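Novice: Sequence:
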Amino acid sequence: MRFTVHKESFGARRGELCTPHGVVQTPAFMNVGTQAAIKGGLSAPDLKALGCQVFLANTYHLHLRPGAEVIRLLGGLHRFMAWDGPILTDSGGFQVFSLAKLRKIEEDGVTFNSHIDGRLIHLRPEDAMAIQASLGSDIAMAFDECVSNPAPYDYVSRAAARTLRWLERCSREWRRQLEVSPVNPGQVLWAINQGGVYDDLRLENLKGLLELDLPGVAIGGLAVGEETEVMYHILDVLSPHLPADKPHYLMGVGTPANILEAVYRGVDIFDCVMPARNARHGHLFTWQGVRNLKNEKYVRDDRPVDESCGCPVCRTHSLAYLRHLYKAGEILALRLGVMHNLYFYNHFLAEIRRSIDEDGFEGFYRSHRETLCRRI
RNA sequence: GGGGGAAUUCCCGAGUGGCCAAAGGGGGCAGACUGUAAAUCUGUUGUCUACGACUUCGGUGGUUCGAAUCCACCUUCCCCCA
418 MRFTVHKESF GARRGELCTP HGVVQTPAFM NVGTQAAIKG GLSAPDLKAL
468 GCQVFLANTY HLHLRPGAEV IRLLGGLHRF MAWDGPILTD SGGFQVFSLA
518 KLRKIEEDGV TFNSHIDGRL IHLRPEDAMA IQASLGSDIA MAFDECVSNP
568 APYDYVSRAA ARTLRWLERC SREWRRQLEV SPVNPGQVLW AINQGGVYDD
618 LRLENLKGLL ELDLPGVAIG GLAVGEETEV MYHILDVLSP HLPADKPHYL
668 MGVGTPANIL EAVYRGVDIF DCVMPARNAR HGHLFTWQGV RNLKNEKYVR
718 DDRPVDESCG CPVCRTHSLA YLRHLYKAGE ILALRLGVMH NLYFYNHFLA
768 EIRRSIDEDG FEGFYRSHRE TLCRRI
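Just remember that our numbering sits 417 ahead of the position in the first sequence, which is counted from 1.
Incorrect hints may appear among the rest.
Stated by the list, open to error - Calculated pairs, DSSO-like style, for lysine-lysine (alpha carbon to alpha carbon, straight line, at most 30 Å):
(1) Lys-744 / Lys-711
(2) Lys-521 / Lys-624
(3) Lys-424 / Lys-624
(4) Lys-465 / Lys-744
(5) Lys-744 / Lys-456
Unchecked claim - Using C-beta positions, here's what the derived DEER-type ranges look like:
(6) Pro-657 / Ile-533: 28 to 36 Å
(7) Asp-719 / Gly-484: 44 to 52 Å
(8) Glu-628 / Trp-704: 38 to 46 Å
In short, the hints are calculated from the structure, not lab data. Model, not experiment: these values are computed from the prediction. Ideal Cβ positions, reconstructed from N, Cα and C, are used throughout, including at glycine.
Using the sequences and the hints given, assemble the complete structure.
Specialist: Dropping the structure here:
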């Protein structure tokens, strides 16, 4: 795994991340397919056509179903899902947040009541590493605790310290895993910064995490309840201290406007369920702002979702047709909606990269920061 | 021809004297969604000069302090017997 930044423009970094399954041009958006599938009915080949560079899958979910050993037996995640590009696996740390009612945290690890059948699932940092090694993703994530915001300082402090201890265990176990017949010998482990909305905890945690010298640094625990401005502030605080020669990954973010602001603050990689989920719910992103496709005003609208979009959906279908599909409950609505949004996100990042290449990120930033979040 | 049953707000459907502008679905309208327990969830859905008023439960008339609810007749629909 090699990462190089070859250009900077107005805070933004233009880089390349080499993985065992290809090069990722950064800034990049990773397409989230938690259970080795993009919800809405897109297959791996579909993603190629939408400009997807990296696929993101989830440790907790794949461990429950079908099980990491099954996937290892079938040759690893790439082969299993027929995606030959780069894959990043999240560790299950987010499920500590999203399944908060179904889990118990202890020093040793987290015990979940499976959201499927209630059975007990023990996930220690070591387990999360073993599972991800079996999945054979290109990038594995450390097992962390994603703390919801707002949370009391004392709690966040203790949680961040524990996440750091878990990181040491992850790192140790990772080295061990790669020694025993790895599915993907080039697989790497990235660290995750925590510390909530508290500047000093964030920096203290970052300092500890950098000592382990893992090849990528993720910022976790943001966009989980705090105001957007608070998230930007934390990025401002962290940004000067992030190692320049390593990829900066902002986990779970976000809206196009969030991404633009974060790129401006030196973030290289993003992932978010938003394009897929919101598409399923009828919200489509455009260069002019966000559309709610279900709105009555589109009944007779013969225009595409976005006049300036080159996606297969915008080139073929009208707002009126898509609205009809949504209102009629047709599964095609979800597929087409997700296709558009993923294309939009991937091309949005491509345009960001182009602007950096051309030394024009400042202009790009200024001309889009307001319009992207507008409701149209 | 005889007997029985039913008509409720956009639709289906609860309600059988006051707590009813009327449950619950559906449909409509709008909103939320950020490392996915989400093709989900929330709000709203008679009118208005709007913490109050007005109109509404097939129609007309009646009983009652008070009627979607009780009575009479009418209209329409359904079922059974001939």
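Novice: It remains to establish, for every hint, whether it holds in the given structure.
Specialist: Each hint, compared with the structure:
| no. | hint | in the structure |
| --- | --- | --- |
| 1 | Lys-744 / Lys-711 | 7 Å, holds |
| 2 | Lys-521 / Lys-624 | 27 Å, holds |
| 3 | Lys-424 / Lys-624 | 26 Å, holds |
| 4 | Lys-465 / Lys-744 | 29 Å, holds |
| 5 | Lys-744 / Lys-456 | 19 Å, holds |
| 6 | Pro-657 / Ile-533: 28 to 36 Å | 43 Å, violated |
| 7 | Asp-719 / Gly-484: 44 to 52 Å | 49 Å, holds |
| 8 | Glu-628 / Trp-704: 38 to 46 Å | 43 Å, holds |
Hint check: a violation occurs at hint 6 only; the rest are consistent with the structure.
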